[in-house]
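Residue numbers (the working numbering), protein chains in the order written: chain A, 1 to 409; chain B, 1001 to 1397.
In short, the hints are calculated from the structure, not lab data. Hints may contain errors.
Stated by the list, open to error - In silico PhoX-like cross-links for lysine-lysine, where the CA-CA straight-line distance does not exceed 20 Å: (1) K1193(B) <-> K1155(B); (2) K60(A) <-> K257(A); (3) K1324(B) <-> K168(A); (4) K1247(B) <-> K1283(B); (5) K168(A) <-> K1328(B); (6) K252(A) <-> K60(A).
What follows is the residue order along each chain.
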Amino acid sequence: MRVSCFQENLAKGLSIVGRAVSSRSTMPVLGNILLEAKGNQLRLAATNREIGINCWIGAKVEDEGAITVPARLLTEFVNSLPPERIDMELAVRTQTLHLNCARYDANMKGIDAYEFPLIPTAGDSSGDVQESAGMVQVTDGMRIELAVTGLRKMIDQVIFAASSDESKPTLTGVEVSFKGERLSMAATDGYRLSVRSVLLSQGMIEGDLTVIVPARSLGELARISADADEARPVQVIVTQARNQILFQLGGKSEETKGAFHRVELVSELIDARFPDYRAIIPKSKTTRTVVDTAALLKGVRVSFLFARDNANIIRLAVIPGTGEHAGHVRLTATSTEMGDNVNEIDAMVEGETVEIAFNAKYLIDVLSQIDQPQVVLETTQPTRPGTIRPIGMGEEEFLHVVMPMHPPR
Amino acid sequence: MIRKIIHLDLDAFFCAVEELRDPTLRGKPFAVGGQPAERGVVASCSYAARQRGVHSALPMSQAVRLCPGLLIVPARHQAYGEMSRRVMAQLRMLTPLVEQLSIDEAFLDVTELPETGEILARRLQVRINNELKLSCSLGLATNKLLAKTANSVGKAAAKGNGPPNAITIVPPGQEAEFLAPLPCDALWGVGPKTAERLIELGLHTIGDIARWSEADLGRRFGKNGHDLAQHARGIDLRPVITQRETKSISQETTFVRDIYDGAELQRILQGQAEGVSRALRRKRLTGTTVKLKVRWADFTTVTRQSTLSQPTDDAAPIFNAAGKLLEKVWSGQPVRLIGIGISGLGAEVRQMNLWDSPNEKEERLQQTIQTLQTRFGAKAIQRGDRLSDLMDETPWE
């Protein structure tokens, strides 16, 4: 293998695939990144078995070939290099990769590329991947195209509600369902629920489909998509066996420094039944409060300063307006050791006065993902869930349900 | 203002309770604690046993050697707890300013009461002697340090074979004088390590410490050094604290025989998690950090902790966390002691679950169990898989 590429592109590619490297694995090769020079591209790949990432960057290939080298060493070395051309050459007999950039030279001991696990790929337009190391093409399954920005926003608006508790594996995932012309995502950690859906320009041809994708994988996808070309759609493939999902993103124009040609992220799916969240969405309300999103977010953030050492608890008193006074929301937080705080925010309140306690962090999580200027908060009792959604979006488009905190008995 | 502080200590408390149950024990050498074959230690011993050199915390096997014919009475912590509550209730009838130090010890601040400290102390002693049939010793002074020290000195000086039932008074102004001849380790807060270092400096009595430069003690012992200098001069400004904030709640079990069986360890942890959960609910608290303590057969002790995603007072998440921690540290080696603690305590506020409906049922169940256990004791109702449990559980808080 003999290949050259720009330091900025290699560094970008490594930062993308680096997130899939196994930090602790019994298989040493999983701590490595695969480099494969082919055609006019250099492919970087890493996998931790749950998630696999392939990233293609532009390169000048003189001799095709492949090798795996330790991820951390390669990444830290490349990040330290000047923004110039890097030449790499593999000594096949010793499986040692020589790198040169400006006046920096290094030899890295690698592991044979054929020991690297196979990572499924969608294949590029030429479709010819059979010859590549560590790669197997997905030939069947369901395919769909989604807009990059829309997908990223959806992910951001749901994944924070997923659980990080590994003892509840199902809740660490996001339920992704394609039904008719609608794509929905839902995540819940048992304390709150975020549901987001959009109409697709193209419906599902092959019928409905529901899968649970690890929230971590979607988080990585959202992160990568920030560097993707927004004009090109994301290709989504769910394998025939319904055990993996693959996302393919196109990179920004090829002249750009610090860019990739193409990234594919493959994730295992969580094989479980997602809890029936529709059943816990409140069907009625006794108080409807419309409030400025930014003002509420700011108020909650201030209260959080006092709530954070008291289980994040903040109390909301929702008070309807009278003839002369506008309705308002009063936020109270108390810390036994540090002091207390009260903030008031103007609101349009319909219905009864209600006092309800929430985890401030949960409110911050959802409010900071809402772009619309106003939100509506609907509540019934202090022990029943509240709902939050942006004004201007239907309930079926975006809905957040949050369970209150138990008032002291 | 000159304060009037009383330190009260029940004489050989566990033994006194046992003598009430079984009057034939009176005057005999006996000890409350575990059997020597079960690696028991002396929790409390009668005055007859004390004369033979037996003292609390001594391994029972050694106690039996010192005092052949020593009767061993198994501990009944529930009975002691119950009696302790009655004693504390008596104290609170005198003043609400009661600081309970342990199961059988308390400070009272009686400054505001019109009678002299001596009259109050005598009256209190008589009441506990008569109404609860317990012997107790009291120390009276102008601060907690002197009251406690006076009480220990008075008890030690008591003559006779029975319990001391002493009252020792340090009049205002004589604090330093009272302390001066006592050895350094008689000063509350001076442990064996500190005593050793003081002796290296040539300081043998509390009076020696009082004469030493405070600045030098500060340099050598840090903040403790300044406290040391103040205390040696009989100065102690600490107030009587009626309510101490609970920082953690825990439960641990030392095994009669080392345990090798992982399933059994998990089962014991389950029971301890339930105990911790009960204590949390009783105190209306929730906790976030679960700590596992394991002592191996060679007495080395490891602790591991993990933080829960939500504060809880429920046994299940506490057990889950502790069980996982155990899996990480344990690989089949014999275990001598195991325990669970929870810290990060906060008010009883709890994040409710969206799928709370089955939990409401669970909560009602928990409340019912708690009510039963409060009324009839922890053993009144418990999990079926713990019925074979014969372990002695002692709470560490």
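Just to be careful, I want the Cα atoms of K168(A) and K1328(B) compared with a cutoff of 20 Å; is the pair within it? holds, 19 Å
Starting from K1193(B), check that the Cα of K1155(B) is at most 20 Å away, please. violated, 25 Å
Restraint check for K1247(B) with K1283(B), where alpha carbons must lie at most 20 Å apart: holds, 12 Å
Take a quick look at whether K1324(B) and K168(A) sit within 20 Å of each other, Cα to Cα. holds, 14 Å
Below or equal to 20 Å on CA atoms is what counts here, so check K252(A) against K60(A). Roughly 18 Å separates the two Cα atoms, so the pair holds.
Does K257(A) lie within 20 Å of K60(A) when you go C-alpha to C-alpha? Holds, because 15 Å separates the two Cα atoms, which is no more than 20 Å.
Against the hints set out earlier in the document, a violation occurs for number 1 only.
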